Amino acid sequence: MKLVTAIIKPFTLEEVKSALEQIGVLGMTVSEVQGFGRQKGHTEVYRGAEYSVDFVPKLRVEVVVDDMQLDKTLDALVESARTGKIGDGKVWVTPVETVIRVRTGERGADAL
Amino acid sequence: MKLVTAIIKPFTLEEVKSALEQIGVLGMTVSEVQGFGRQKGHTEVYRGAEYSVDFVPKLRVEVVVDDMQLDKTLDALVESARTGKIGDGKVWVTPVETVIRVRTGERGADAL
Amino acid sequence: MKLVTAIIKPFTLEEVKSALEQIGVLGMTVSEVQGFGRQKGHTEVYRGAEYSVDFVPKLRVEVVVDDMQLDKTLDALVESARTGKIGDGKVWVTPVETVIRVRTGERGADAL
Amino acid sequence: MVDTGSPNTGNTAWMLASSALVLLMTPGLAFFYGGVVRSKSVLNMMMMSLSAMGVVGVLWVLYGYSLAFGNDIGFGLVGNPAEHAGLEGLFGGTYLASEGAPASIPLVGTIPATVYVAFQAMFAIITVALVSGAVADRMRFAPWLVFAAVWATVVYFPVAHWVFSFNGVSAPIGGWIANDLKAIDFAGGTAVHINAGAAGLALCLVLGRRRGWPREAMRPHNLPFVMLGAGLLWFGWFGFNAGSAVAADGVAGIAFINTTVATAAAMLSWLLVERVRDGRPTSLGAASGVVAGLVAITPSCSSVSPVGAIAVGAIAGGVCALAVSIKFRCRFDDSLDVVAVHLIGGLVGTLLIGFLATSAAPAGVKGLFYGGGVNQLWRQAVAAGAVLAYSFVGALIIALLLKYAIGLRVGDDSELTGIDETEHAEVGYELSTIYTGSGNSRVTQDASSGKIPAQAGQEG
Amino acid sequence: MVDTGSPNTGNTAWMLASSALVLLMTPGLAFFYGGVVRSKSVLNMMMMSLSAMGVVGVLWVLYGYSLAFGNDIGFGLVGNPAEHAGLEGLFGGTYLASEGAPASIPLVGTIPATVYVAFQAMFAIITVALVSGAVADRMRFAPWLVFAAVWATVVYFPVAHWVFSFNGVSAPIGGWIANDLKAIDFAGGTAVHINAGAAGLALCLVLGRRRGWPREAMRPHNLPFVMLGAGLLWFGWFGFNAGSAVAADGVAGIAFINTTVATAAAMLSWLLVERVRDGRPTSLGAASGVVAGLVAITPSCSSVSPVGAIAVGAIAGGVCALAVSIKFRCRFDDSLDVVAVHLIGGLVGTLLIGFLATSAAPAGVKGLFYGGGVNQLWRQAVAAGAVLAYSFVGALIIALLLKYAIGLRVGDDSELTGIDETEHAEVGYELSTIYTGSGNSRVTQDASSGKIPAQAGQEG
Amino acid sequence: MVDTGSPNTGNTAWMLASSALVLLMTPGLAFFYGGVVRSKSVLNMMMMSLSAMGVVGVLWVLYGYSLAFGNDIGFGLVGNPAEHAGLEGLFGGTYLASEGAPASIPLVGTIPATVYVAFQAMFAIITVALVSGAVADRMRFAPWLVFAAVWATVVYFPVAHWVFSFNGVSAPIGGWIANDLKAIDFAGGTAVHINAGAAGLALCLVLGRRRGWPREAMRPHNLPFVMLGAGLLWFGWFGFNAGSAVAADGVAGIAFINTTVATAAAMLSWLLVERVRDGRPTSLGAASGVVAGLVAITPSCSSVSPVGAIAVGAIAGGVCALAVSIKFRCRFDDSLDVVAVHLIGGLVGTLLIGFLATSAAPAGVKGLFYGGGVNQLWRQAVAAGAVLAYSFVGALIIALLLKYAIGLRVGDDSELTGIDETEHAEVGYELSTIYTGSGNSRVTQDASSGKIPAQAGQEG
Ligand SMILES: Nc1ncnc2c1ncn2[C@@H]1O[C@H](COP(=O)(O)OP(=O)(O)O)[C@@H](O)[C@H]1O
Ligand SMILES: Nc1ncnc2c1ncn2[C@@H]1O[C@H](COP(=O)(O)OP(=O)(O)O)[C@@H](O)[C@H]1O
Ligand SMILES: Nc1ncnc2c1ncn2[C@@H]1O[C@H](COP(=O)(O)OP(=O)(O)O)[C@@H](O)[C@H]1O
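If you're matching them up, the sequences are chains A, B, C, D, E and F in order.
Take 4 as the starting number for the first sequence in the numbering used here and just add one per residue.
Take 4 as the starting number for the second sequence in the numbering used here and just add one per residue.
Take 4 as the starting number for the third sequence in the numbering used here and just add one per residue.
Take -15 as the starting number for the fourth sequence in the numbering used here and just add one per residue.
Take -15 as the starting number for the fifth sequence in the numbering used here and just add one per residue.
Take -15 as the starting number for the sixth sequence in the numbering used here and just add one per residue.
Keep in mind that the hints are not guaranteed to be accurate.
[As the list claims (entries may be wrong)] Quick list of the computed label-pair ranges, beta carbon to beta carbon: (1) A:D113 x C:R110: 26 to 32 Å; (2) D:V377 x F:G73: 26 to 32 Å; (3) E:Y388 x F:V358: 50 to 56 Å.
[Claimed, not checked] PhoX-like, lysine-lysine: derived pairs with alpha carbons at most 20 Å apart: (4) A:K5 x A:K43; (5) D:K350 x D:K166; (6) A:K43 x A:K75; (7) A:K20 x B:K43; (8) C:K43 x C:K5; (9) A:K5 x B:K5; (10) B:K43 x B:K75; (11) A:K88 x A:K5; (12) C:K88 x A:K5; (13) C:K20 x C:K5; (14) A:K5 x A:K20; (15) F:K166 x F:K350; (16) B:K75 x B:K5; (17) B:K5 x C:K5; (18) E:K166 x E:K350; (19) C:K43 x B:K20; (20) B:K20 x B:K5; (21) A:K43 x C:K20.
[Stated by the list, open to error] One-sided excerpt, in silico: chain D residues whose CB lies under 10 Å from chain B: (22) T78; (23) S82; (24) E83; (25) D317; (26) V411; (27) S416; (28) I418.
It should be emphasised that the hints constitute simulated quantities derived from the structure, not laboratory data.
Quantities reported herein were computed from a predicted structural model and do not represent experimental measurements.
The beta carbon of each residue, even a glycine, is placed where N, CA and C say it ideally should be.
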C-alpha cells in the first residue's frame, strides 16, 4: 500500500480526477492548501499600499493505492496535472502499513 | 511511532474525539477535506440548471501514536466513526521516524 | 527523502517560512487545521449560553526534504515555531519513497 | 368608513415612505435570523421570511385587509371579508386634479386608502415572518408555507382587527380591544409581537427540539449579518412606529424620538447584563438589545415621554436578556428566542404603559406612576392576555393538524446534512477553490430540459 | 417647460425619498449580481454596478438630462443637449419664502426641477448597471466604463426621451412613444428593462461565452447576498414605481400596492415552477421571482387593478422562470439571465397592459379583457419592439467597435485566476488564518511611494 | 426659540424620512469599517459604531440636545444644558387638530421639535462612530464606551452648537461660527468630519500602532461588506445633506443633486489616481472615493452649482486618494484612514466653498472664482481650523486621562488571537464543517445558570 500525495493547481482537479478514475482508482481525498515555492504569488493593492502575497492556492490530492497500481497512478497524476508552467506542483509517495474501511472493517486492498 | 490518518464523516467527530480520549490519546489534528468515492455527492439546482457535486465533505483526523497504542487506536477510531452507511471513510497508517514537541524539543513518545 | 510535517501556531508561520528559506528549503505546503491537545480552547458566549470550543486553530506545514537536510530542517522548524507556551505544536517525520516535479517529471532531489 | 376626497400630500408622502420602510424590515429580519443559525440552514431561515412576503402579500389583497379592516361583523371580533375583497372600493375615482376640480379618491383618514392598505400589509407580513425564528433548522418548507397562510388568516387578520381597527377609520365599527377595552397598543406590541411570540412557542413545542439541542452548541455562523439585520430593523421600525401615526405630525415626531432613545437604552442594558452575567458584552447581545428595545417601545411610543422611553428600553433590554434562560430551564427549543425577545418584550412594553403613560404624550393617558391608578394597567393586561392566549391556542391547533396531515419536520439525515441542501438543493456559500478554481461540479441537466429526479443531499 | 414657483412640500418630500430609494437599487443590484457569481469575480461584478453610478451620474448632469428631457429637436427622438447643460436654468431663484413673498424656483410639475433631475438620474444609472449581468467574470473594466458612457449617451438618454418625456412637463415637446404612440410605460418596462435586456444580449454575444460554460457548473458563491440584493431592490423599487407618479397621491398609492402584490405573486409562481420542474423551490428562485415581478409591474402598475397586478406577477414569475432555459437552448452565455428576467419580464409587463388595463386604474385605459379591444395592445407591442430593436442594434455596434478598438475580454489566465485579482488587484474575502493569524503578506510598497509595477496574479 | 403651532406635513414627512436615513448611516459605517479590518476584529469594529448609537442616543435626550441647541450661555460657545433636559418643553400640546382648532405643538421652524431633535441626534451618533476607524483591532471596549460618552459631551455637543445653532431657530442665541463668523457648513464638514477626523488622529496617537504595523500587511477581510457600507452611506447621506434644509424645498433639491454628482465624480477621480499610481482601480478605492465625495460635498452642497459640485467631488476624490500616504510617511496607525478621508475630505469641502460658492446656489454667497474675493474663504479657514484644533486637543486630553486611569489597549495576546474573541467572546464567522457538521463545541453552561468564569481566548 502506498499513499500518493499530489499538490496541484486547483483548476486541474477535474482532469486529475477523471485520469484517476480511468485507471480504476475508486476514491481520493482532496483538500485546500497554500503553496510556497518557485512560482511567485501575486500582488494586491489596498488604498495605495501594495501587498505581496507569497502563497499560491493549491489543492492536495491524496490517494491510497495498491503497490501494483502505483506507477499507473503516478503517471496518470503527472500527466493530468501538468500545464508545463511553473508551479504545477509535486507528487510524493509514502509507505502505508494498513488501510481499513471504516464501514466494514475490511483491511488492505479490499478496503479501497 | 505511527501516524494514523482517518477520513470520517463530519458529524462523527465528537464521538471519535471522545473515543480517542478514552484510550488515552492526548492530542489530534483535524482538517476539512472533500472526499470522492463510492458515496455519491448531491445535486444542486440554480435557475433550473442541475449541478451534480461529486465531492462529499469529510474530516481528516491525524493522530501520532506510540506503536503499542496503535491497535487500540485503530479499533477506537473504526468503532466510533462507523455509522454502517456507505461513505464512512478510511483509516490508514504510515510509519513515523521522529516526533518532536516544539515547546520542549522532547522527542519520541514523550513528545506526544 | 523525508516528509516533515509541522503543526504550528498560525502567527509563527512567517518566522518559520523565513527560517526554512534561510537553510535553503525552496518550497513548502501549508494548510489550516484545528488542533486538540493540552492547550485548552476558548469560551464563547451567545445569548447567555457559554460554549467551550475545544479546538485551537493551527497551521500544518509540510516540507519534503533530502535526507541530509533533515536535521537542519527540524532544528530550523523547532527554533522558529517555539514560543515556549503550551500549544506550540509538534513536528513529525515520515519516509518518502519518491518525489516527482509535475512540470518536468524530474524525480528525487531534483524535484524539490 | 372610506371617504373620498383629495389626500394630504405630506401625510401621504410619509406613509408611502413608512410602508417601504416596514417592508424592508422583513429582509432585515431574514438577516437577523439567518446570521444566527448555522451555515447549513441560512437559506431556509431566510426563505421562511421571504416566503411570508409572498404568501401574506397576496392573501392581504384578496381578503386579509377586509378581515382586519372591513366593517365589524360582530362583537369586534373580525371584519367583513367580502367588503373589500381584491381591494374593491379602495381605488378608482378622479386621481388627478383638473382645472379647479381637485382629485377625489377613496381615503382612509387623510391618505389614499391604497396607501393605508399597503402600510398595514407590511405588518401582516412581518408578524408571520417573526414566528419562523422558533423553528430554525428543522421545519419542512411546504408545511411552513401552509402554516403561514392559515395562521395569518385565522389568527393575525382577526387580531389586527381587534387591536388596529378603530371605529370610523377604515370602517364604521372596528375591533374590541381598540374601541371597547381601550387598551393602548400604538404600533403592535400585542397584535405583532405577543402574537408572533405566542405562535412561535406553540409551533416549536409541536415541532420538537433540534437534534442535539441543548447539549450541542449551535453557534451563529455570521454575526455581521445579525448586525446588518438589527440595523435594517431599527431603520425600518421608524416606519413601523412613527408611521403608525398615519400622518407626518407631532404624534409621529414623539413616536420617532421615543423609538430612537428606547432602543439605545435597551442595547446598553442588554450589554450590561451580559457583562455582569457572562463576563463579556457581545455583538449578538447588542443586536438583541436593539430588537428588544424596539419591541417594547412599539406599543408605548405614543404614551410615554422620552425619559419614560429610556425607562421602557432599559427595562426591556434587561428583562429580555435574562429571559433567554427560560427556554433552557423549560427545555423547549425556541431556537432564536422569539419568546424571550418578542413575547416577553411585547409584554414588557404593553404593561409598562400602565405605569409610565403620561398625559403629555399623544395618547393622553395617565399611568400608575403619573397618578392614573390601575385603570389603564388592567386594560393593558387584558389585551396582552387575550392576544397571547388566542394566538397560542390557534397556532397549537394549526400546527397539530398539519403535523398529522402532512408532517412538519425534515428527517434526521437532512438535519445533519443541512436543510438548505435537502429542502432547497442549494448551499449558502461556496468559497472553496475546489469548486471556484475549476469545474468540479458538472451541469448534469440544464433548464432547457424537463423534469429531473430530485435527489439532493444524502450526506448523512 | 420649466415654470417657476414654490413647490408642493408633500410631493417634494416623496420625490426626495423616492430618489434616494432608487439610488439604493444600484447597490442592491450589485449584491443581487455579486452573490450569483463565483467568489473570484464578486468585486468586479459589484464594481460594474458601482462604476455606473460614477460614470452615468456625471454625464447626466453635464448633458444626459438635456438629451432625455430637454425640448425635442425633431420627431420626438431626442432632446436638445444644450438646453440644460450642467443643469443650467434648473436651479436658482428665490429658494426661501420671505415676509409674504413665497419661494420661487424652477419647477417640474409641483416639485423643484433639481429633484426631478435627481429622480431621473437614478433611472439612467440603474439601467446601465443592469446590463452588466450579462457579462460576468470576463469583461475588462476599462472597456466596461467606456461602454457604459457611450451606451448611456447613444441609447439610454434618447430612449428615455421617447418614453418618459411628456409634452409640457419638462419641456414643451417630448418623445414619440409617450406623446404620439401613447403606449403606456409608467415606470420603465421598455426604457429600463427591455432596453437593458436587449443591450445585455448584444454585449454578451460580442463578448462570447465564459471559459467552460455551459459544461462547467458556475455556482453562486453567496446566496444570502442575492437575497439581500432582492430585498434592497424591492424596497428601492417603491421609489421607482410609486415615485413615478411624481406626487404623493392616489396614483402613487395604487402603484405602491400593485408593486407589492405583483412581486409577492411572482415569487410564488417562480417557486411553483421550480418545485414542479426541479423538485425543489430555491432561494435563488425566490429572489429571481421577486425581481421578475418587480420588472413586470414596472410598466403596468398605473394601469391595472390590484387583482390584475396579481395576474401580472404570477404570469411574469412563471414565464421568466421558464425563460432561463433559452440561453442554454441557444447557447449564449447571458451569465446572470438579464434576458430571461429583464428583457422577457419587461415584455410580459408591457404587453399585459394591452390585456389587463382597467379604466378604474389611473391610466384610465381599457385592455382587451376589459373591452378595450387591441387598441392599446398594438401600441404596447410597437413601443416594446422599437426599444428592443434600437437598444440591441445600438449595443451591438458599440460593442463591436470597442472589441476591435481596445478589446473587451480579459485573458484566459485571468479568467482562471479570477478577474478580481487581475483587474482590481484584490480578493473579495480573506478569511484564512494563514493570513489573518499572522503577517504572511508583506507590505512591499506603501502609498507614500510612487508608481509600482503592477504585476498581479499569474496563478494560472 | 421654540414656537408652538401646527407643522407643515410635507416638510415633516421629509425630515422624518431624513432622520431615518441618517440613522442608517451608522450601521452602514459599521459595514464600511468592518469589512476593511481582518476577520478576527470585525465584530469589535462594528460594535464601536453600534455602541455609539446606544451611548450617544441616550445622552442626547438627557442633555446633549440642550448643550447643542439650547440657548447660548455665553460667547456662542455652548447651549444651556438644563434648558431642555430630557426634552422638557419640546413635546406636549395639542397633537391633533379637532373641529376647526388646528394641532398646536412645539415646533422648530415648520416641523415638530421632536423631529428636529431626532434628526440632530443622528448626527451626534455618526460623528462619534466615525472616530472609531482610527483605532481598529486594539482598543478595549469599555474605554471606548467611556471615550464616546466624554468626547460627545465635551467636544461634539459644543461644536454642534458653534456650527449648527442659528440664532432664532432652536433658541434665540446660537453658536459663534454660524452667527458671528458666518462660515458656511451646510451639513457638517467641520462639525462632523473635521471634528471626527481630528479626534481619530489624537486617539490613535495616544493608543499607538497595531502590532506589526506597517510592515505586516493587514488585508481587508470582506470587501463586499465595504461596498455595502458605501452604498448604505450614500443612501443615508441624502438625509444628511438634503435633510439639512429642514424642509422639502428647492434647497433640499439642489443639496440632493449636488450630493449625487459630487459623489459620482469623487469615485471616478479616486479610481483614476489608483489606475495611475497603483496600476489597478480597486473596489476599495471606489468605495473610498464615494465616501470622500460625500464628505466634501457635505459642507458645500448648498453653496455650489451642480458643475461646481462635480469639481468639489473630483478634487476631493483625488486629494483623499493621495492623502492615504500621509500615515505611512508620518508613521501613525490611523487604521482605516479617518484622517485621509474625513479630516482631509472635510477640509477640502469646507475650503472649496471659499472658491466655488456661487450666488445662484441657496447660500447666496460668492466665492473667489465667482468674484467674491477671499471674504468667504478666510471664514471657512477659521471655522475649519478652530474645530480641528479644539477637537484634536479635546480628544488628546480625554484619551490621555483614560490611558492612565483605566488603560486603553488590549494585551498583545488578544491582538494576536483577535479582539473579537477576547473582548466579546465571539467569532465573526463560523463556516467550518468541523463545527457546523457536528457538535464540537459543548454548551458548558447555559443562560439559566449564573455567572461564569470568563476565560476566553488564550490562543496566543
Ligand atoms: N519541498 C517541498 N515540500 C512540500 N511542498 C512543496 C515543496 N516544494 C514545492 N512544494 C509545493 O509544490 C508547489 C509547486 O512548487 P513550485 O516550486 O512553485 O513549482 P514547481 O513544482 O513547478 O517547481 C508549491 O506551491 C508547494 O505547494
Ligand atoms: N483510495 C483512496 N485514497 C484516499 N482516500 C480515499 C480513498 N478511497 C476513499 N477515500 C476517502 O474515503 C471516503 C469514503 O470512501 P467511500 O468509497 O465513499 O465510502 P466507503 O469508505 O464506505 O467505501 C471518501 O470520501 C474519500 O475521502
Ligand atoms: N498525538 C498527536 N497527533 C497529532 N497531532 C497532535 C498530537 N498531539 C498534539 N497534536 C497537535 O499539536 C498541537 C499542540 O499540542 P498541545 O498538546 O496542545 O501542546 P504541546 O505541543 O505544547 O504539548 C495540537 O493542537 C494538535 O494539533
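Each hint tested on the structure:
no.: 1; hint: A:D113 x C:R110: 26 to 32 Å; in the structure: 31 Å, holds
no.: 2; hint: D:V377 x F:G73: 26 to 32 Å; in the structure: 47 Å, violated
no.: 3; hint: E:Y388 x F:V358: 50 to 56 Å; in the structure: 53 Å, holds
no.: 4; hint: A:K5 x A:K43; in the structure: 31 Å, violated
no.: 5; hint: D:K350 x D:K166; in the structure: 13 Å, holds
no.: 6; hint: A:K43 x A:K75; in the structure: 31 Å, violated
no.: 7; hint: A:K20 x B:K43; in the structure: 14 Å, holds
no.: 8; hint: C:K43 x C:K5; in the structure: 31 Å, violated
no.: 9; hint: A:K5 x B:K5; in the structure: 15 Å, holds
no.: 10; hint: B:K43 x B:K75; in the structure: 31 Å, violated
no.: 11; hint: A:K88 x A:K5; in the structure: 28 Å, violated
no.: 12; hint: C:K88 x A:K5; in the structure: 36 Å, violated
no.: 13; hint: C:K20 x C:K5; in the structure: 18 Å, holds
no.: 14; hint: A:K5 x A:K20; in the structure: 18 Å, holds
no.: 15; hint: F:K166 x F:K350; in the structure: 13 Å, holds
no.: 16; hint: B:K75 x B:K5; in the structure: 12 Å, holds
no.: 17; hint: B:K5 x C:K5; in the structure: 15 Å, holds
no.: 18; hint: E:K166 x E:K350; in the structure: 13 Å, holds
no.: 19; hint: C:K43 x B:K20; in the structure: 14 Å, holds
no.: 20; hint: B:K20 x B:K5; in the structure: 18 Å, holds
no.: 21; hint: A:K43 x C:K20; in the structure: 14 Å, holds
no.: 22; hint: T78; in the structure: 44 Å, violated
no.: 23; hint: S82; in the structure: 47 Å, violated
no.: 24; hint: E83; in the structure: 52 Å, violated
no.: 25; hint: D317; in the structure: 18 Å, violated
no.: 26; hint: V411; in the structure: 7 Å, holds
no.: 27; hint: S416; in the structure: 8 Å, holds
no.: 28; hint: I418; in the structure: 5 Å, holds
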